[in-house]
Each structure stands twice: as C-alpha cells, then as structure tokens.
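Residues per chain, in single letters:
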Amino acid sequence: MTTHVTGIEIAHLIDGQFPDAVQDAQPEFAAVKPESLVQVLTWLRDDSDQAYEFLSSLTGVDRIQWFEVAYHLESIKHNRAATIKVRAGDRENPVVPSAVPVWPGAQLQEREAYDLLGIVFEGNPDLRRIFLWDGFAGFPLRKDYLNLPGGQMPGLERFPGEPGVELSGRGTE
Amino acid sequence: MTIKSEPFVVNVGPQHPSTHGVFRLRLTLDGEKIIDADMVMGYLHRSMEKLAEERTYTQNIPFTDRTDYVASMTGNLAYVMAVEKLMGIEVPERAQFLRTIMAELQRIASHSMALGIFANDCGAWQTPVMHMFRDREKILDLFEMACGARLTLNYMRIGGVSRDIPDEWIPQAQKLMEDLPKRFAEYEDLLLHNEIIVARARGVGVLTPEQAMAHSVSGPMLRGSGVAWDVRKADPYAAYDKIDFDIAVGTNGDVYDRFVVRLAEMRQSLHIIEQALEVMPGGPVHERLGTATVQPGGQSIAPLAFRPPVGEAYARIESPRGELGYYIVSDGGPSPFRFHIRAPSFINLTPLKLMAIGATVADAIVILGSVDFVVGEVDR
Amino acid sequence: MPILLRGEWYDLRDLANPVRELIDGLGLVSEVDYVLWSLIASLAILTWLVLSVLAFIWIERRVVARMQNRKGPNRVGPAGLLQPVADALKLLLKEAITTRGADRLLFWLGPVIIFIPTIVVFAVVPFGESMVLADLNVGVLFMIAVAGIMTPAVFLAGWSSNNKYAMLAAMRTIAMLISYEIIQVLALLAAVIFIGSMNLQTIVSWQDEYNTWLIFIMPLALVAYLVAGAVEINRSPMDISEAESELAAGYHTEYGGIKFGFFYQAEYLAGFAIAASATTLFFGGWTLWGLEEWIPGWLIFLGKLYAVFFVYIWSRGTLPRLRIDQLMTFAWKFMLPLMILNVLLVAAEVVIWEETGASRNVALPAIGAVNAALAAVLVIGWARFLGHGSGRGRGYSATLTREVGKIYYTGAEAS
Amino acid sequence: MEDTGTVVAFWIFAAITVGAAIGVAAVRNLIHSVALLIVTFAGLAGLYITLSADFIAVVQVLIYIGAIAILIIFAIVLTPRAGRHNQESFMLLPALALAALVAGTMIFVAFDTNWGAQRSEGFEGTATAIGDLLLDRYALPFEIASVLLLSAIVGAILLVRPEGPEEEAE
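Protein chains in written order, with the working numbering: chain A, 343 to 515; chain B, 207 to 586; chain C, 19 to 433; chain D, 36 to 205.
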C-alpha cells in the first residue's frame with residue numbers, strides 16, 4: 343500500500359534540509375519557493391530515504407492570485423507518494439524553474455503546461471507549444487482567457503506564415 | 207574516409223498508417239538511420255481540460271471515455287475515483303468488484319489490440335489484428351450487456367457504477383474466460399515465438415530501468431524495463447487488495463519485452479476476473495449521494511450537480527497504457543476548478559527520441575507501436 | 019531468320035485452327051503473316067494474363083479474408099466475383115493526378131516501363147508442349163534479364179514522384195533487387211547446370227523424360243528462387259519496398275487512379291512470371307507423369323502456376339515483414355554462401371554422374387536424397403551458426419513477481 | 036542480313052539506339068539521361084538479336100540494364116549536391132575531342148575489318164560456344180578480368196568502410 347506522505351510531513355523534511363525553502367504546507371501538499379525548487383527536487387530524488395525517482399505528474403493550475411505547478415512524486419523504491427508545489431505570482435509572465443534536469447520525464451508535461459497556461463519553465467531545453475499551433479494567441483487554460491488584450495478572438499487569426507496575418511497576442515511574445 | 211549522406215527529413219504522419227491516429231513524427235535520417243526525432247502532436251486536441259471546467263462533475267464522465275477511447279472503462283474509473291477521493295465517498299463492495307472486473311476486461315481488450323497492431327506495424331498484414339478483434343469483440347459484447355455501449359462506455363458513476371450487470375452476464379463472462387487461455391497460447395505461439403517478430407523486436411528501443419523511471423514511463427513499458435511497479439499492487443484501489451495476482455515484468459527493456467509483459471498481463475487479468483466473479487458479493491452497486499435517486503428497474507443515477515468541498519485530489523490507477531491519473535482541484539463549485547489528466551500515452555512518449563535515435567525507420571515504427579499510445583489520450 | 023521472331027506458336031491448338039485457316043487463306047507475304055501470327059499469339063497471352071489478374075485479385079482478397087476471420091468482398095456480383103471489375107472501373111474513372119513537384123515525363127513513364135518486363139517474360143514460358151511464343155535457347159537467362167528491367171523502372175517511379183517515402187522505397191528496392199537477383203541467378207544456375215540447357219522446353223522435356231521434377235533434386239534452389247521471387251514481387255515477408263506500415267505505399271505512394279492500377283497489375287504479373295518460371299523449372303512445367311495425354315498441358319501448367327502463386331498469397335496473409343538490414347544480411351550472409359555451395363555441389367554431382375555412368379534410376383534418387391539431406395543440414399546449421407532459428411522467443415516469458423519496487427532488469431539482449 | 040524482316044528490325048533498332056544515345060548526351064536532366072541510356076542499352080540488345088547473338092543480347096539486358104544503369108543511378112544519387120541538371124562544363128572541349136578520337140578509331144576499325152569472314156552460321160549454341168571459348172582459348176583474359184573485378188570490389192569496400200571499429204552493422 344502506498345504511503346501518501348502528507349504535505350506537512352514533507353515540509354518538515356524539506357525544512358530540515360533547506361531551511362527557508364518551504365513557502366506553505368497543507369495536508370495535501372507542500373509549497374516550495376521557486377528559487378530553491380530544483381535543489382529540493384534534486385534532494386528528494388537523490389536522498390536514499392526519500393528516493394522519489396518517479397515524477398508521476400506535473401500540472402499547472404491557475405489559482406487566479408498566482409499560478410502554481412504541482413509535482414506528484416512517487417518513490418518506487420519505498421512505495422511512497424508526495425505532492426510538491428511551486429508558485430509563480432506574476433500573472434503576466436509566470437516563471438518557474440524547470441524540473442527537466444531532475445526528471446527528463448517532465449519535458450512533455452512542462453511543454454503542455456506552457457502551452458495551455460503560459461507558465462515559463464526556465465531551463466527547459468525545448469519549451470515550445472505542444473498541442474496548439476505556434477502562433478496561437480493566449481493560453482486557453484488561464485481563467486481570464488476570454489479577455490484577451492485587444493479584443494482578440496482566439497482561433498481566428500492563427501497559422502504562422504499565413505499571408506497577411508500579423509501575429510499578436512500573448513502567445514507570441 | 208566515411209561516406210555520409212545528407213540528412214533527410216521525413217514526416218511520418220499526421221496521416222500515416224502507423225501513427226495510430228493523427229500524430230506526426232518528424233524523423234531526420236542519415237540513410238535509413240534516425241539521427242533526430244521530433245514529435246508533433248495536437249491534431250486531436252479537443253481542449254478537454256478546459257471544457258471540463260464548464261461542466262458538472264457528473265457531466266464530465268463522458269469526456270473520460272473519449273480520452274483513451276480504446277480503454278474507456280479505465281478512464282471512467284480513474285476520474286470517478288478522483289472525485290470520490292475529493293468528496294470522501296465510500297463505494298459499495300459490489301461496485302468495487304464490478305469496477306475491477308470491467309477494468310480487467312478492458313485491459314484484455316486493449317492489450318489484445320495493442321498486440322495485434324504491433325504485429326501490423328511489423329508488417330503482418332492485418333491478420334493478427336483481425337484475430338485479436340475476434341476476442342475484443344466478445345469483450346465488447348459483455349460491455350454492451352452491462353451498460354449498453356461498446357466503445358465509449360460511460361459505465362462508472364461517482365459513488366459506484368451506473369447499473370448492475372444482468373443475470374446472464376456472469377455465465378457469458380465465464381464462458382469467455384474458458385475460451386481465452388487457448389487464444390492467448392495461440393497468440394504467444396504465432397506472434398511472440400515468430401522468428402521474424404523476435405528479430406524485429408529484440409534489442410530494439412531499449413530503455414534501462416533508470417531511464418524509464420527518469421522519463422516517467424509507466425505501465426507495460428516500465429515493467430518491460432524490469433521495474434516491478436503496478437499501481438494495482440502498489441496502491442490497491444477498487445477490489446484489487448482482495449484478489450491474488452502477480453505483476454509481470456520483463457528483463458531486457460526492449461520492444462519485445464513490452465509485449466511479453468502485455469501478454470502475461472492479459473493472463474493475469476483473466477486470473478483476476480475469475481477470482482472476482484467468484485467472490486463478488488451482492489448488494490447495491492451505487493452509493494447514494496445527496497439527492498441521488500434510484501429509478502425503477504434498479505438503475506441508480508448520480509445527481510447531476512453537487513458541490514464537493516474545497517480541496518484537491520489526485521487519483522491514479524493502472525490503465526492498460528500505464529499510470530492514469532486525474533488531478534482535480536475544487537473551489538467548492540459545481541464544476542471542477544482544474545481538471546487535469548495525467549495521460550500515460552502522452553507521458554510514455556517522452557523517451558521516444560531516446561529510443562529512436564540510432565534505430566532505423568522500420569524500428570521507429572515498431573517502437574512507436576510498443577508505446578501503444580492512443581492519440582485521443584495524447585492530445586486530449 | 020532472327021531467333022526472337024521464329025516462335026513455333028502453333029499450339030494454340032483447337033482454338034487457333036479456324037483463325038489459322040482464315041489467315042492462311044489470305045495468302046499474305048510471309049513476313050506480314052508472321053507478324054500477324056505473333057500479334058495474335060501475344061494477344062492470347064495478354065488476355066489470359068489480364069483475366070488471371072482479375073481472378074486473382076478476387077481470390078487473394080477472399081483467401082486472405084478467410085485467414086483473417088472475415089468474409090471478403092461479397093457484394094458485387096455473385097460471391098463478390100465482380101469486385102475486381104468494379105475496382106478496375108473505379109481506378110479507370112479516377113483522376114490521373116500528377117503531383118506538382120514530380121518529374122512529369124518519368125512519372126508517366128514509370129507505370130508503363132514496369133509493365134513491359136512483366137508481360138514480355140511470358141513470351142518464353144512454355145504453356146504446353148511446343149506451346150510457346152518464342153522458344154529461346156537462353157530462355158532461363160531471358161526471364162531473369164527481363165525481370166531485371168523492373169529495377170530501374172521502380173527507381174524511376176520512386177524518384178520521379180519527388181516524394182520522400184517513394185524515394186526511400188526506391189532506394190530500398192534497388193538495394194534489395196540487386197542483392198536478390200544474384201540469389202535468383204545462382205538458384206537457376208544450379209538447375210541449368212544439372213539439365214545442361216537454358217531452353218525452357220528442353221528443361222521441361224528433360225523432367226518429363228527422367229520422370230522427376232527438379233524440386234525433388236534440388237529443393238534448396240527452389241526455396242531460394244521463391245524467396246528471391248518474393249523480393250522481386252514485394253510480397254511479405256520481403257515487402258519492405260512498399261511497407262505500408264512504414265512508407266505508406268512505398269515507391270507508388272504518389273500514384274493514383276489507373277497509374278496505380280498499372281503498378282498493382284504489374285505486381286501480380288510479376289508474381290505470375292515468378293510462379294511460371296518456378297513451375298517450368300522445378301515442377302515439371304506442363305507434364306504430370308503421363309496425365310498430359312488426357313489433360314491439356316496448358317491446364318496442368320496453369321494449375322501448377324496458380325498453386326505456386328498461392329504460396330505467395332498465403333505468406334502475405336501470415337508473415338510479418340523483415341527490416342531492410344535483416345533482409346540484406348539474409349541475402350548476403352545466409353543465402354549467397356548456401357547458393358554458391360549448392361551450385362558447386364550440383365556441378366560436382368553432374369561430373370560424378372557422367373564419370374560413373376550410373377543408370378538414372380540409381381543416380382537421380384541418390385542425388386535427390388543427398389541434396390535434400392545436405393540442404394536441411396546446411397540451412398539449419400548455417401542459421402544456427404548465425405544465431406537464428408533456435409527459437410529465441412520460446413522459453414522466454416515475463417517474470418512474475420509480487421514485490422513492488424524491485425528491479426529485474428538484466429539487459430541481456432540489449433545491443 | 037538478307038531477309039526483309041531482319042533488315043527492318045535492324046533499322047528500327049539502330050534508330051532507337053542512335054536516337055537515344057544522342058539524347059543521353061543532349062538531355063540536361065541527369066536522371067532523364069540515365070533513362071535514355073537504358074533505352075540505348077535495350078536498342079543494342081535488339082541489334083545483337085538481329086545478329087543472331089542471343090546469349091549476348093540477353094546478357095546485355097541483364098548486365099547493362101539490370102546492373103550498369105543501376106550503378107550509374109547510384110552514382111548520381113550518392114554524389115553530393117548532384118543537381119537535377121547537367122551543368123555547363125569547362126570540360127566541354129576536351130570531351131568533344133576525346134569523343135571524336137573514339138569515334139574515329141571505331142570508324143577506322145569498322146572499315147578496316149573484313150566483315151564477310153565474321154558472318155554467323157546460325158544460332159545454335161552461342162552460349163556453349165562462348166563458354167568454351169572463355170574457358171579454353173581466352174581463359175587467361177577471363178581470369179584477369181575476374182581478378183580485376185575482385186580487387187575493385189575489395190577496394191570499394193575498403194573505401195566506404197567507416198574508420199575504426201565503430202558501428203558494427205547490426
């Protein structure tokens with residue numbers, strides 16, 4: 343039976359190793375500051391007591407006040423699961439360090455989060471849109487998606503390279 | 207002096223017989239050898255995660271059918287489990303067993319299709335697929351008896367299953383259980399012992415367990431690489447903790463092992479279903495939620511709309527393709543605040559480049575087949 | 019008189035007699051008469067070929083459907099018999115598209131060129147006793163040579179399409195055909211050495227006279243010839259040049275309508291040509307141990323031809339495809355040494371037979387037994403030596419465990 | 036070459052051969068050029084048939100169309116940056132001079148030879164006759180040619196072999 347490590351427990355563990363790295367701790371998750379994220383994740387992966395060698399899921403969530411990225415970790419060795427989160431406050435340009443150096447498996451999932459939520463993963467070697475086309479304006483999973491600047495209707499002016507189409511919108515910066 | 211040809215870019219897909227849907231693989235070739243591979247997806251993107259934010263929890267169940275349309279039972283199951291976890295609902299025991307049986311039947315159906323299409327990718331012109339469809343058809347008949355649909359089943363409900371199985375279901379299922387082992391032996395003999403298939407699949411697309419875990423690969427691919435990890439065993443859900451079964455693992459991590467594991471899993475599934483049919487208790491198949499009504503004829507329905515408490519839940523199950531997770535964030539409203547699918551087909555594609563580089567075009571097709579992805583789930 | 023035009027074609031027997039009387043009555047100059055007769059004979063062969071192709075499209079679809087638990091075409095006409103006609107009509111009515119980037123001239127020429135060798139081969143095929151359009155002294159060589167024209171035709175078709183799949187497939191085809199042409203030639207060389215003639219009629223009558231078929235004397239050569247033939251006509255497990263799961267449709271990806279129909283038909287015709295030569299060389303042609311006295315020779319011949327062709331349909335319905343490098347390895351490392359050995363062996367046997375002067379009733383069974391035994395030993399031994407055929411898949415199964423989190427990877431097979 | 040049929044056939048084949056040969060040199064597109072070369076080879080095979088040399092004719096088709104043409108195609112496809120078009124070349128004049136030299140030699144030989152003595156006596160067993168000659172009177176040239184080809188093959192393999200022991204063919 344998998345031990346689901348609560349956010350409080352994992353926050354204590356992280357706090358013991360990296361003081362000042364934990365931002366928030368809830369029963370479901372522990373939130374880590376973006377600056378220390380990669381350190382914390384690397385430690386969680388490499389420490390033999392933790393050994394979270396498997397990144398089950400990486401998801402972005404638009405919490406309106408901030409963006410957060412949830413990392414659902416699994417330790418195959420210890421049969422244990424935990425959830426780590428990281429928050430990015432800047433609504434216009436949320437930036438979070440990439441987890442690809444820690445788990446290559448984050449690659450496609452980070453691209454997905456970037457594509458749909460516009461969260462920029464700093465350090466991702468190949469951060470491109472994945473489901474939507476390159477010129478797509480805006481990030482559809484954001485809660486304010488329909489209020490695009492300039493009254494733009496997503497999905498009308500779209501394909502890059504289409505003659506006469508000047509690409510604009512937040513996806514193209 | 208080494209003769210090197212100019213790099214040559216080939217687009218495999220989006221319309222191509224072996225991409226299992228609309229999926230595109232951009233291969234850069236040196237002769238027949240792959241020197242770079244890039245995936246282009248999104249041709250089937252239906253923005254399910256966005257749509258789900260506008261619909262109530264019950265209305266979202268049909269969406270989960272349409273992600274992995276080859277194994278919609280497991281899609282349903284993972285979603286309703288996530289919502290149940292969010293709301294803290296206990297599911298009646300009979301429903302738990304029914305879920306187990308249905309999920310395992312779905313696994314057999316899905317794996318047999320994977321096996322057949324893999325043979326098709328290897329060039330066995332349609333014959334294995336048609337033979338596999340023969341079995342899958344019977345399983346779909348069982349599904350039809352249970353819930354009226356064959357492909358997009360919509361059988362699971364939050365708090366149980368949509369209806370109980372009819373009386374003649376169990377005898378028919380048992381008959382199928384008697385037939386299938388013979389078929390599996392036949393497939394093992396015809397496909398996995400075939401010299402050409404062995405030559406094509408052995409040592410191709412190798413993933414070491416370290417690579418597999420680091421790339422978040424799950425399901426038969428992870429087990430093919432020798433990692434004994436199965437959510438059914440590691441974190442039992444439904445009725446798996448009451449049932450005796452084994453995890454099948456490979457030792458070489460190549461394409462061949464993935465299919466060996468799949469076939470062994472089909473046998474284990476039979477074993478699970480047989481036990482579950484024996485020990486399945488009677489009783490209700492649906493937990494009453496709030497204003498749930500039981501209609502005449504025993505069919506119970508979940509209320510169309512309800513408000514789970516604020517919070518979040520991540521539930522994962524072992525779908526035929528791997529670890530299928532649903533991550534649901536609730537803000538206390540009638541529809542999910544965030545609805546995310548951890549799609550195994552999608553994430554299992556991550557190491558594709560790693561596996562494809564250095565292989566030939568023909569290998570790339572076989573490797574792609576061994577991932578056994580469903581484009582509906584990749585793109586969502 | 020040139021040899022190609024001196025065919026003793028008169029054996030269209032009863033069917034041809036009235037026509038012959040008619041033409042003889044015209045009192046034409048011998049040359050014109052000659053050309054006229056050649057044309058009529060060619061037309062007869064062509065008609066038979068087209069009808070056979072139509073029939074076999076239906077047969078193949080029904081047979082393969084049978085292997086696949088399906089019914090196959092069963093709507094158009096009784097039992098779906100008119101399905102090939104409907105298919106052909108559909109292909110004829112479709113627009114003949116030439117893609118924009120294609121080399122227009124060669125793109126059009128491709129399907130035409132590929133059609134020529136597949137038909138011309140039948141000029142030398144003995145359908146019955148003295149029922150052959152052109153009785154060449156080098157008939158065996160002629161068949162191989164003409165079939166070799168397919169190679170450049172396939173390349174031109176693939177190259178002119180300006181399509182990457184087609185180009186890849188064309189390169190694969192060339193590499194493959196060249197390799198297997200050698201196997202084919204060596205396989206037939208053994209037969210020719212043994213009989214001592216390249217004339218197909220002589221080969222058939224030799225088999226008739228000695229009351230045996232070459233298949234009993236050199237089974238290995240027959241197998242090699244059929245394998246090389248499968249390569250030539252793109253049948254699984256050698257269909258890598260049109261590998262539909264990898265390269266869409268291979269070298270004819272860009273062809274549609276009747277141009278595709280030409281390729282499709284050429285493939286069948288080439289298959290018939292392979293089956294015809296195998297029948298002639300290894301299955302005694304139009305003879306059937308005296309039965310040809312009662313049954314028309316050409317009927318026996320066609321029966322054998324269709325039976326050989328059926329093997330290809332069968333393999334298509336059952337076998338997966340090899341990879342290009344495996345196919346080339348198979349040709350160069352496996353087949354070629356065996357074929358060279360086979361030729362040497364047969365040559366030695368011929369010399370020994372001549373030297374000892376043994377009677378045919380002793381010599382032929384002895385040679386057949388020795389060859390069959392050696393073929394079995396060589397094939398199995400050489401395959402084992404190269405690491406194949408030992409049933410590598412057998413005895414390997416998944417490890418069953420209940421310990422979550424344990425790692426069972428050994429990497430024994432990783433390359 | 037007496038009867039009308041053969042004469043007609045000769046002229047047809049000769050026209051095809053010469054026409055296609057001119058095309059080979061004149062056409063700008065290299066692949067078209069190869070296609071025409073194939074036609075030339077086929078025409079030559081036809082000419083051999085009118086000369087009753089059945090074996091040579093068939094071997095012409097087998098070797099030249101089946102192998103040499105393919106070799107040329109390979110050469111074109113594998114040459115780096117081989118465009119589809121035959122470029123203008125500064126080698127034009129030397130090439131013309133060389134061609135004229137070869138043509139002159141050929142014409143001289145053709146006129147100098149006593150053709151009457153070479154007339155064929157029918158076509159029974161040209162293959163046997165050629166075989167006998169190759170292994171009897173011309174055994175040495177035949178063997179020298181084989182050795183030459185063998186060394187060419189070995190040389191070609193050496194040239195294209197990747198340096199060092201890396202990448203064994205799988």
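No lab work stands behind these hints: they were computed from the structure.
Being a predicted model, the structure only gives us computed values, none of them experimental.
Even glycine gets a Cβ: it sits at the ideal position worked out from N, Cα and C.
Just to be clear, a hint being listed does not mean it is correct.
As the list claims (entries may be wrong) - Stretch by stretch, here's where chain C covers chain D in the computed footprint (C-beta under 8 angstroms, at least three residues):
(1) 56-70
(2) 92-99
Said to hold, decoys possible - Mimicking EDC-like on lysine to aspartate or glutamate, the simulated pairs with C-alpha atoms at most 16 angstroms apart in a straight line are:
(3) Lys-485/A - Asp-244/B
(4) Lys-485/A - Asp-537/B
(5) Lys-448/B - Glu-343/B
(6) Lys-291/B - Asp-389/A
(7) Lys-419/A - Glu-416/B
(8) Lys-419/A - Asp-468/A
(9) Lys-448/B - Glu-484/B
(10) Lys-239/B - Asp-343/C
(11) Lys-381/B - Glu-343/B
(12) Lys-375/A - Asp-389/A
(13) Lys-559/B - Glu-370/A
(14) Lys-559/B - Glu-299/B
(15) Lys-419/A - Asp-343/C
(16) Lys-256/B - Asp-486/A
(17) Lys-381/B - Glu-416/B
Said to hold, decoys possible - Here are a few chain C residues that sit away from chain D, every Cβ distance over 10 angstroms (derived from the structure):
(18) Tyr-52
(19) Ala-62
(20) Leu-159
(21) Ile-196
(22) Ile-331
(23) Gly-375
Against the structure, the hints:
For the region 56-70 of chain D, the stated coverage by chain C is satisfied: 5 residues place a CB nearer than 8 angstroms to a CB of that chain, which reaches the threshold of 3. A count of 4 residues in the region 92-99 of chain D with a Cβ less than 8 angstroms from any Cβ of chain C is obtained; the coverage claim is therefore met, three being the minimum. Between Lys-485/A and Asp-244/B the CA atoms are separated by roughly 31 angstroms; this puts the pair beyond 16 angstroms, and the hint is violated. Taking the CA atoms of Lys-485/A and Asp-537/B, the gap is near 13 angstroms; set against the 16 angstroms cutoff, the hint holds.
Taking the CA atoms of Lys-448/B and Glu-343/B, the gap is near 29 angstroms; set against the 16 angstroms cutoff, the hint is violated. Of the pairs offered as hints, the one joining Lys-291/B and Asp-389/A is violated, with about 30 angstroms between alpha carbons and a cut-off of 16 angstroms exceeded. Taking the CA atoms of Lys-419/A and Glu-416/B, the gap is about 12 angstroms. The hint holds against a cut of 16 angstroms. Under the criterion of a C-alpha separation no larger than 16 angstroms, the hint pairing Lys-419/A with Asp-468/A is inconsistent with the structure, at around 30 angstroms.
Simply put, Lys-448/B and Glu-484/B have alpha-carbon atoms about 12 angstroms apart, close enough for the 16 angstroms limit, and the pair holds. Distance restraint check for Lys-239/B and Asp-343/C: the Cα-Cα separation of roughly 11 angstroms lies within the 16 angstroms cut-off, and the hinted pair is therefore satisfied. Only pairs whose Cα atoms come within 16 angstroms are accepted, and Lys-381/B paired with Glu-343/B is accepted, the gap being roughly 14 angstroms. Under the criterion of a C-alpha separation no larger than 16 angstroms, the hint pairing Lys-375/A with Asp-389/A is inconsistent with the structure, at around 20 angstroms.
At roughly 34 angstroms between alpha-carbon atoms, Lys-559/B and Glu-370/A are farther apart than 16 angstroms, so this suggested pair is violated. Using a Cα cut-off of 16 angstroms, the hinted pair Lys-559/B and Glu-299/B is violated, with the two alpha carbons roughly 44 angstroms apart. Among the hinted pairs, Lys-419/A with Asp-343/C is inconsistent with the structure: their alpha-carbon atoms are about 40 angstroms apart, more than 16 angstroms. With a C-alpha separation of about 12 angstroms, the suggested pair Lys-256/B and Asp-486/A falls inside the 16 angstroms cut-off, and the hint holds.
In summary, the hint linking Lys-381/B to Glu-416/B is not supported, as the alpha carbons are separated by about 42 angstroms, beyond the 16 angstroms threshold. Separation of Tyr-52/C from chain D is inadequate, the least Cβ-Cβ distance of about 7 angstroms not exceeding the 10 angstroms criterion. With a cut of 10 angstroms on Cβ distances, Ala-62/C stays outside the contact zone with chain D, its closest approach being about 22 angstroms. Annotated as non-interface, Leu-159/C brings its C-beta within 10 angstroms of a C-beta of chain D; the closest such distance is 5 angstroms.
Listed as a non-interface residue, Ile-196/C fails to keep its Cβ farther than 10 angstroms from every Cβ of chain D; the least gap is roughly 6 angstroms. Every CB of chain D lies more than 10 angstroms from the CB of Ile-331/C, the least distance being 27 angstroms, so the non-interface label holds. Distance check for Gly-375/C against chain D: the nearest CB is about 22 angstroms away, which clears 10 angstroms, and the non-interface claim stands.
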